[in-house]
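So the protein lines, in turn, are chains A and S.
The first sequence begins at 1 in this note's numbering and counts up by one.
The second sequence begins at 1 in this note's numbering and counts up by one.
Do not take every clue at face value.
[Stated by the list, open to error] Partial chain A-side listing against chain S, Cβ under 7 Å, derived:
#, residue
1, V15
2, L18
3, L26
4, L29
5, L138
6, S141
7, V142
8, G252
9, V271
10, Y293
Please keep in mind that the hints were generated in silico from the structure rather than gathered at the bench.
None of the values given here were measured: they were computed from a predicted structure.
Glycine residues also receive a C-beta, built at the ideal position from the N, C-alpha and C atoms.
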Amino acid sequence: MMRFLLRRLGGALVVLALVAVLVFCLTRLASGDPVALLLGDQATTADIALARTQYGLDKPLPVQFALWVGELAQGNLGQSLFLQRPVAQALLERAEPTLFLALFAVSIAALVGIPCGMAAAVWRGSATDQAVSGVAMLGASVPSFWLGLILIQLFAVKLGWFPASGYGDPSAGLDDRLQHLLLPALVLGLLNSALIIRFTRASMLDILGEDYVRTARAKGLSEGTIMVKHVLRNALVPIITVLGLTMALMIGGTVVTETVFNLPGVGNLVVRAVLRRDYPVIQGTLLVIAAIYVFINLAIDFLYTLVDPRIRLETQ
Amino acid sequence: MNPSSSFWQRLMAMLRRLFARKVVLASALILTLVVSIATVYPWVSDADPNALSISDRLHAPSATHWAGTDELGRDVMLRIVHGARYSLLIGFVTATGAVLLGTLLGMFAGFFRRLDAPLMRVVDAMMSFPDILLGIALVSILGVSLWNVMLALVIVYTPRVARVVRATTLVLRELLFVDAARALGVRTPKILLKHILPNLMSPILVQVTFIFAYAILAEAGLSFLGVGVPPDIPTWGTMIAGSLDYADKAFWTIFAPGIAIVLTALSLQMLGDGVRDLLDPKLKKTV
Chain A
1 MMRFLLRRLG GALVVLALVA VLVFCLTRLA SGDPVALLLG DQATTADIAL ARTQYGLDKP
61 LPVQFALWVG ELAQGNLGQS LFLQRPVAQA LLERAEPTLF LALFAVSIAA LVGIPCGMAA
121 AVWRGSATDQ AVSGVAMLGA SVPSFWLGLI LIQLFAVKLG WFPASGYGDP SAGLDDRLQH
181 LLLPALVLGL LNSALIIRFT RASMLDILGE DYVRTARAKG LSEGTIMVKH VLRNALVPII
241 TVLGLTMALM IGGTVVTETV FNLPGVGNLV VRAVLRRDYP VIQGTLLVIA AIYVFINLAI
301 DFLYTLVDPR IRLETQ
Chain S
1 MNPSSSFWQR LMAMLRRLFA RKVVLASALI LTLVVSIATV YPWVSDADPN ALSISDRLHA
61 PSATHWAGTD ELGRDVMLRI VHGARYSLLI GFVTATGAVL LGTLLGMFAG FFRRLDAPLM
121 RVVDAMMSFP DILLGIALVS ILGVSLWNVM LALVIVYTPR VARVVRATTL VLRELLFVDA
181 ARALGVRTPK ILLKHILPNL MSPILVQVTF IFAYAILAEA GLSFLGVGVP PDIPTWGTMI
241 AGSLDYADKA FWTIFAPGIA IVLTALSLQM LGDGVRDLLD PKLKKTV
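Isolated chain A (complex conformation) (with noise of 0.2 Å):
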């Protein structure tokens, strides 16, 4: 058990070493000079001499890449060159609404996924399954970013129920958040849950088959307690899974999103910083995002290793 959990650790370790030196890769090969940038057309060459040696640009990419991966195992992820900031800062001030957003987003995927996927595997080969396998592939069919506007124009524009964007006033309480992040969550939620609903039918499928399935059937007990107390619990484990992963997923979904409802998140704040080419911003959000991705598939690896035994002996 405990060799197997080391190792890996050790692989997830590794990944995000390789991780660390493509993030490096593709800020440094990028086209574009950001000091040219920051400091306009009237700047000098002595002038982008300087900055350069002041940003540390002009060092070999070996150096930088030592001295970035030093700061690093330091727990500092670098200064934006634009937001005369820490990066770490400008994240932790982005990550409410992304968090928010995710949750938010997930939660409605599971409401809307849990129960389809569930119907889908009870009433399997049927128009029920038919349907929902549709709308599922329906969803994976449908850019965020158009259903986004589209809702804006609908909700927002025309029926006025919703604001069109933004994040509204800090210091407004949370219904104004809810109200805010209704509508771009509905679009991650809606277009994510077609996973939910393929992982919950099949593991909803795979239960129904089991003995103490048939042995409920045989006592007599009536299909509604069966599909709660037998089926859906020990499906259950899977499909709380599949939600982290999917939240893991959604990370990479609110990048549009944030854009389309111009909401002040983290995706928000990596769009912007590519346009200006703000490499530590770029650097140090890929990372932590990668980072957060490497982690939830690890910790997802680790429950199941808790659950299900079967998983240690193999690897044994």
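Please build the complex by placing chain S on the supplied structure of chain A, with the hints as guidance.
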């Protein structure tokens, strides 16, 4: 009976089974229609999708302009038809490129034990970035252009194919016919080409349809964010991105190209699902 007729009979039987599901048949018909209009129309009509007509700005859909006109008086329907060529080209090139590269990587990782761990860790690292974020970063490095978007999307989707192909290759490697071939002294390249690759065809075919659909969606997203195809090339994505500011006044300018994306992506995925059911009946039972 000569072997070629039996091949055609087998193919026809497969197609009959594939199209027994009506949604799969409908998807195939829609795709055929989209592809043939996109390829044939520019040959039969020399109407210019970029022709400006300031007096016809933002007209609602009508008999002359089926999907209305945009902020520069260009016919939206005509641009959707021309845009289909670019959007389909992006999907096709991305799917083909990612599948070729991913199959190569996945086959090597699955077949040669020594390559497995290093190759797959790189794949894991690449897959820990959200697709769209990696796409944004890559296009910003490569520069905004049609070909760079395709190159970026190939890089984004290659790891995905590699993972699927590796998993299948791991299973195939242990099968008896591979052992037998090796025992007979068949050289490794030939084993990979003649014994492993043909058996990888079904998962690969499924991946092609899905990545085709994802690439069309991803291009639209990248163009919307301003790191995609340049605005003067009419793809379905650049059409929506270009008319963003007019969404209030002229809803159709963003609605119509979006419908084209949804319809095409949905048909591709339905077809992919049908192919998967056909080629792998085991999967149908579980997922």
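Cross-check of the supplied hints:
The criterion of a C-beta within 7 Å of any C-beta in chain S is met by A/V15, whose closest approach is roughly 5 Å, and the hint holds. Below 7 Å, beta-carbon pairs count as interface contacts, and A/L18 has one with chain S at about 4 Å; its hint therefore holds. Satisfaction of the interface hint for A/L26 is found here, the shortest Cβ-Cβ separation to chain S being roughly 5 Å, below the 7 Å cut-off. At about 5 Å, the closest approach between the beta carbon of A/L29 and any beta carbon in chain S falls short of 7 Å, and the interface hint on this residue holds.
The restraint placing A/L138 at the interface with chain S holds, with a minimum CB-CB distance near 6 Å, inside the 7 Å limit. Nearest Cβ of chain S to the Cβ of A/S141: about 4 Å, under the 7 Å cut. The hint holds. With a least beta-carbon distance of about 5 Å to chain S, the hint placing A/V142 at the interface is held under the 7 Å criterion. With a least beta-carbon distance of about 2 Å to chain S, the hint placing A/G252 at the interface is held under the 7 Å criterion.
The criterion of a C-beta within 7 Å of any C-beta in chain S is met by A/V271, whose closest approach is roughly 6 Å, and the hint holds. Hint on A/Y293 holds. Least Cβ distance to chain S is approximately 4 Å, under the 7 Å limit.
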